[in-house]
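Q: Residues per chain, in single letters:
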Amino acid sequence: MEFSFSASATKILTTTGVAHLQGGDVLMILVAGVMIYLAIWKKFEPLLLLPIGFGCLLANIPMSTMASTDGGGLLNFFYQGVKHEILPPLIFLGVGALTDFGPLLANPTTLLLGAAAQVGVYITLIGAVLLGFNLHEASAIGIIGGADGPTSIFIASKLAPHLLAPIAVAAYSYMALVPLIQPPIMKFLTTEKERKIKMAQLQPISQTVKILFPVVVTLVGCLMLPGVAPLLGMLMLGNLFRESGVTARLHETSETHLINIVTILLALAVGSSMTAESFLRLETLKIILLGLLAFCFATAGGVIFGKIMCKMTGGRVNPLIGSAGVSAVPMAARVSQKVGAETDASNFLLMHAMGPNVAGVIGSAVAAGVFISLFGDTAAVMEPHAAVADIVGAAEPGADAAITKVNSAVAQVIEALRP
Amino acid sequence: METSVLAAANISAMALAVIFIVLIILIFTIKLLVKLIPYEVPPSSKTPRRQPAAVSAGGDHAAHVAVITATLARHLGKSPDKLRIVNISQP
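These protein sequence lines map, in sequence, to chains A and X. Read in order, the letters of the first sequence are residues 1060 to 1478 in the numbering used here. Read in order, the letters of the second sequence are residues 3 to 93 in the numbering used here.
Keep in mind the hints are simulated off the structure, nothing from the lab. One or more of the hints may lead you astray.
As the list claims (entries may be wrong) - Label pairs and their calculated CB-CB ranges:
1) A:K1246 <-> X:I90: 37 to 45 Å
2) X:I70 <-> A:F1136: 53 to 61 Å
3) A:K1255 <-> X:L74: 20 to 28 Å
4) X:L78 <-> A:K1397: 17 to 25 Å
5) X:L78 <-> A:M1371: 53 to 61 Å
6) X:V69 <-> A:T1372: 32 to 40 Å
7) X:L74 <-> A:A1400: 13 to 21 Å
8) A:W1100 <-> X:Y41: 28 to 36 Å
9) X:I90 <-> A:R1308: 29 to 37 Å
10) A:S1432 <-> X:V69: 52 to 60 Å
Claimed, not checked - Computed far set for chain X versus chain A, every beta-carbon distance over 12 Å:
11) T31
12) H63
13) A64
14) V67
15) N89
Just so it is clear, the structure is predicted and the values come from calculations on it, not from any experiment. Cβ atoms here follow ideal geometry from the backbone N, Cα and C, with glycine treated the same way.
Chain A extracted, bound-state conformation:
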């Protein structure tokens, strides 16, 4: 085989990324640059925006085979963890290991604030339908209002995988902007007198209750909405590692190394789905707009319900803690503390706001469970093996026959034992 200089040079030139670079790729590389800039220099959710931005950069280099759709590419393998709903529940495992549900247990009625903040999800769902999205897509967009990245990714990958990239980016971007988005809404909806309300000290909780809580939540939540079991189950398992006191190594791994590794894989996978074809569309702008709407209404829903609770308890609940019901742990709780302290420097709302804040995590997971119950693929649930057959391969042909033989043998033994 002979190579002339000109033929070799032409071959090399035609296989460079530059030769295949298109306008859309350049624009997406710029978007990746903006995300990296925001992460490093503006400190906007750097743990997520940095790997997402870099994943986006890699995915948009032509011929690199680093897009989530490039079969056999490195990031395509990472993306399988999103596609098959493995990575978001593992993030929840780490979140559970990091979360102290004590403030919620000390004041369980704050769970209602976590529920009220889900109003944003449903107002956005209606808004998305008005903008032309179908119900599956609208549900995936609406869940941005839950202010919970893993839940948004989980639902998007299940109900609208083609919208995963803009939904994930909108969710994480607005979570980073919680300190800017929430305070004006909180101040607009509350009076100075309400913001000055000092709440009673939280009562200590028995360690046994803390241990039983994750088991009870798993049973109640998953029995009512089985679709939410991967998220809620992992969240509660992580918390059980933390509270049981007998799994120190598992707890430590979950809250540090595991969550860090999974964050890298998840963020790179999301970034790799940000190709020009999937991102540079009118739908992306609509999703970004709807995401903002979702956060605003979720905050307003929480604060308004906080005001209702304030009235019903004779002024013992500061409505500012309602805004923490949007999840976004612990940033939303810090915002409640900051806005409260601006009105009265001696008012400490942080621990009170942590109750609705962690309730928001449960609330958004339950909201996700409702969507899965309504729009999830029930056939796949009924035949779980069929859903994973393409990954693990079909059962050995002789296995079914062997199982049938064992079953008939057992039936014969039972028959023989009968009097």
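Please arrange chain X on chain A, whose structure you already have, making use of the hints.
A: Relative to the frame of chain A, chain X by itself:
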């Protein structure tokens, strides 16, 4: 479009109702658990604690202890008599 919006509104109302029902069940379950298993103050160590020298030294330390006790008592809503500062360490 109108049908879709109506369907979305119906879904929203029903989903919010389900969320509230699930979380209200959780509230009552938690309240029941807290009632059945109340918090118990962990038993204090049987061996008598030595009073740290720094606290018993009097003077400025005694004033610090008084101020910290009063602040803690106010913050925790407890009587100062129920609090005991055993050690103050400075960085």
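Q: Indicate, hint by hint, whether the structure satisfies it.
A: Taking the hints in turn, this is what the structure says about them:
Look at K1246 of chain A against I90 of chain X: about 39 Å separates their beta carbons, and that is inside 37 to 45 Å. Restraint check, I70 of chain X to F1136 of chain A: a C-beta distance of roughly 56 Å satisfies the suggested window 53 to 61 Å. Separated by about 23 Å at the C-beta atoms, K1255 of chain A and L74 of chain X satisfy the suggested range of 20 to 28 Å. At about 23 Å, the beta-carbon gap between L78 of chain X and K1397 of chain A stays in the expected band of 17 to 25 Å.
As the Cβ distance of L78 of chain X to M1371 of chain A is approximately 26 Å, the hint placing it in 53 to 61 Å is violated. Taking the beta carbon of each, V69 of chain X and T1372 of chain A are about 33 Å apart, inside 32 to 40 Å as hinted. The hinted range of 13 to 21 Å is satisfied by L74 of chain X and A1400 of chain A, whose Cβ atoms lie roughly 20 Å apart. Taken as a hint, the range 28 to 36 Å is violated for the pair W1100 of chain A and Y41 of chain X, whose Cβ atoms sit roughly 47 Å apart.
Distance hint for I90 of chain X and R1308 of chain A: a CB-CB separation of about 34 Å, consistent with the stated range 29 to 37 Å. Look at S1432 of chain A against V69 of chain X: about 57 Å separates their beta carbons, and that is inside 52 to 60 Å. Listed as a non-interface residue, T31 of chain X fails to keep its Cβ farther than 12 Å from every Cβ of chain A; the least gap is roughly 5 Å. Every CB of chain A is more than 12 Å from the CB of H63 of chain X (nearest about 26 Å), matching its label as outside the interface.
With a minimum CB-CB distance of about 26 Å to chain A, A64 of chain X clears the 12 Å threshold, and the non-interface call stands. With a closest Cβ-Cβ approach of about 22 Å to chain A, V67 of chain X is found to remain outside the 12 Å limit, as its non-interface label requires. At roughly 22 Å from the closest C-beta of chain A, the C-beta of N89 of chain X stays outside 12 Å, upholding its exclusion from the interface.
Hints 5, 8 and 11, counting from the list given before, are not met by this structure.
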